[in-house]
Amino acid sequence: MPVEVGAVLEGKVSGITNFGAFIQLPEGKTGLVHIS
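Numbering-wise, the working numbering comes out as the position in the sequence shown, counting from 1, plus 1198.
Just to be clear, a hint being listed does not mean it is correct.
As the list claims (entries may be wrong) - Okay, derived cross-link-like pairs now, SDA-like style, lysine to any residue, Cα gap no bigger than 20 Å in a straight line:
id	residue 1	residue 2
1	K1210	G1226
2	K1210	T1228
3	K1210	P1224
4	K1227	M1199
5	K1227	I1214
6	K1210	V1231
7	K1227	V1211
8	K1210	L1223
9	K1210	K1227
10	K1227	E1208
11	K1227	V1206
12	K1210	F1220
13	K1210	I1233
14	K1210	H1232
15	K1227	P1200
16	K1210	L1230
17	K1227	G1204
None of these hints come from the bench; they were simulated from the model.
All chains should be built: construct the whole structure from the sequences, respecting the hints.
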């Protein structure tokens, strides 16, 4: 799944930490949304 800068994706929050949230993306990938 190639992702380009600025792309909008849908996912499910799989964890929350003091620095951000981990998101479960399609195809079993996991992403981090950093709190800044």
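Hints and how they fare:
no.: 1; hint: K1210 to G1226; in the structure: 11 Å, holds
no.: 2; hint: K1210 to T1228; in the structure: 10 Å, holds
no.: 3; hint: K1210 to P1224; in the structure: 9 Å, holds
no.: 4; hint: K1227 to M1199; in the structure: 9 Å, holds
no.: 5; hint: K1227 to I1214; in the structure: 16 Å, holds
no.: 6; hint: K1210 to V1231; in the structure: 12 Å, holds
no.: 7; hint: K1227 to V1211; in the structure: 12 Å, holds
no.: 8; hint: K1210 to L1223; in the structure: 7 Å, holds
no.: 9; hint: K1210 to K1227; in the structure: 11 Å, holds
no.: 10; hint: K1227 to E1208; in the structure: 12 Å, holds
no.: 11; hint: K1227 to V1206; in the structure: 15 Å, holds
no.: 12; hint: K1210 to F1220; in the structure: 9 Å, holds
no.: 13; hint: K1210 to I1233; in the structure: 17 Å, holds
no.: 14; hint: K1210 to H1232; in the structure: 15 Å, holds
no.: 15; hint: K1227 to P1200; in the structure: 11 Å, holds
no.: 16; hint: K1210 to L1230; in the structure: 11 Å, holds
no.: 17; hint: K1227 to G1204; in the structure: 18 Å, holds
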